[in-house]
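Q: Build the full structure now, drawing on both the sequences and the hints.
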Amino acid sequence: MPGPAFTTYGLTHIALAVKNVQQSVDFYEKVFGASVMYSTPKWAQVQTPGANDIIVFEENKELAGKNNCGIMHFGFRLTNANEIKKVTDVLSTVNAPIVEQGEFVPGEPFVYFKDPDGYTVEVWYESDEVEVEN
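By my numbering, the letter at position 104 of the sequence shown is numbered 104, and the numbering carries on one by one without gaps.
Simulated from the structure, these hints should not be mistaken for lab results.
Just so it is clear, the structure is predicted and the values come from calculations on it, not from any experiment.
Treat the hints with care, as some may be off.
Derived BS3-like pairs (lysine-lysine); straight-line CA-CA distance at most 25 Å [claimed, not checked]:
no.: 1; residue 1: K30; residue 2: K19
no.: 2; residue 1: K61; residue 2: K30
no.: 3; residue 1: K30; residue 2: K66
no.: 4; residue 1: K66; residue 2: K19
no.: 5; residue 1: K85; residue 2: K66
no.: 6; residue 1: K61; residue 2: K42
no.: 7; residue 1: K85; residue 2: K114
no.: 8; residue 1: K86; residue 2: K61
no.: 9; residue 1: K30; residue 2: K85
no.: 10; residue 1: K61; residue 2: K114
no.: 11; residue 1: K114; residue 2: K86
no.: 12; residue 1: K61; residue 2: K19
no.: 13; residue 1: K30; residue 2: K114
no.: 14; residue 1: K66; residue 2: K114
no.: 15; residue 1: K42; residue 2: K85
no.: 16; residue 1: K19; residue 2: K114
no.: 17; residue 1: K30; residue 2: K42
no.: 18; residue 1: K42; residue 2: K114
A: Here is the structure:
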């Protein structure tokens, strides 16, 4: 397989249409410890700890939470499988509806939940030791 035509840092941000920028900022601060990098009354750019990834919240009440572009969910990968309990605990404090919870395989837990605009967010753990089937 040929290599890429150019080099990037990979997928580094996602921009979401939201009903209320401040509500989204508050939610992602409480759940993920996100911090605001830049903001105006109509948009905010936040970064989550431990990564260089960005989430941009753009106020657009018409499009907020609508899956009009085919994105099913986006996710955050845990560094430790045992922290899934902390995730569900914080989700209960912010009244985030859990859509599904379980393990993909033993020892690799996941939880899917809805954010204030109805986007499905996944938090999961995946071992670095993945066995490839032949």
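Q: Each hint needs a verdict: does it hold in this structure or not?
A: Structure-based check of each hint:
{"no.": "1", "hint": "K30 / K19", "result": "holds (18 Å)"}
{"no.": "2", "hint": "K61 / K30", "result": "holds (22 Å)"}
{"no.": "3", "hint": "K30 / K66", "result": "holds (23 Å)"}
{"no.": "4", "hint": "K66 / K19", "result": "holds (11 Å)"}
{"no.": "5", "hint": "K85 / K66", "result": "violated (29 Å)"}
{"no.": "6", "hint": "K61 / K42", "result": "holds (11 Å)"}
{"no.": "7", "hint": "K85 / K114", "result": "holds (17 Å)"}
{"no.": "8", "hint": "K86 / K61", "result": "violated (31 Å)"}
{"no.": "9", "hint": "K30 / K85", "result": "holds (15 Å)"}
{"no.": "10", "hint": "K61 / K114", "result": "holds (17 Å)"}
{"no.": "11", "hint": "K114 / K86", "result": "holds (17 Å)"}
{"no.": "12", "hint": "K61 / K19", "result": "holds (5 Å)"}
{"no.": "13", "hint": "K30 / K114", "result": "holds (14 Å)"}
{"no.": "14", "hint": "K66 / K114", "result": "holds (12 Å)"}
{"no.": "15", "hint": "K42 / K85", "result": "violated (34 Å)"}
{"no.": "16", "hint": "K19 / K114", "result": "holds (14 Å)"}
{"no.": "17", "hint": "K30 / K42", "result": "holds (20 Å)"}
{"no.": "18", "hint": "K42 / K114", "result": "holds (22 Å)"}
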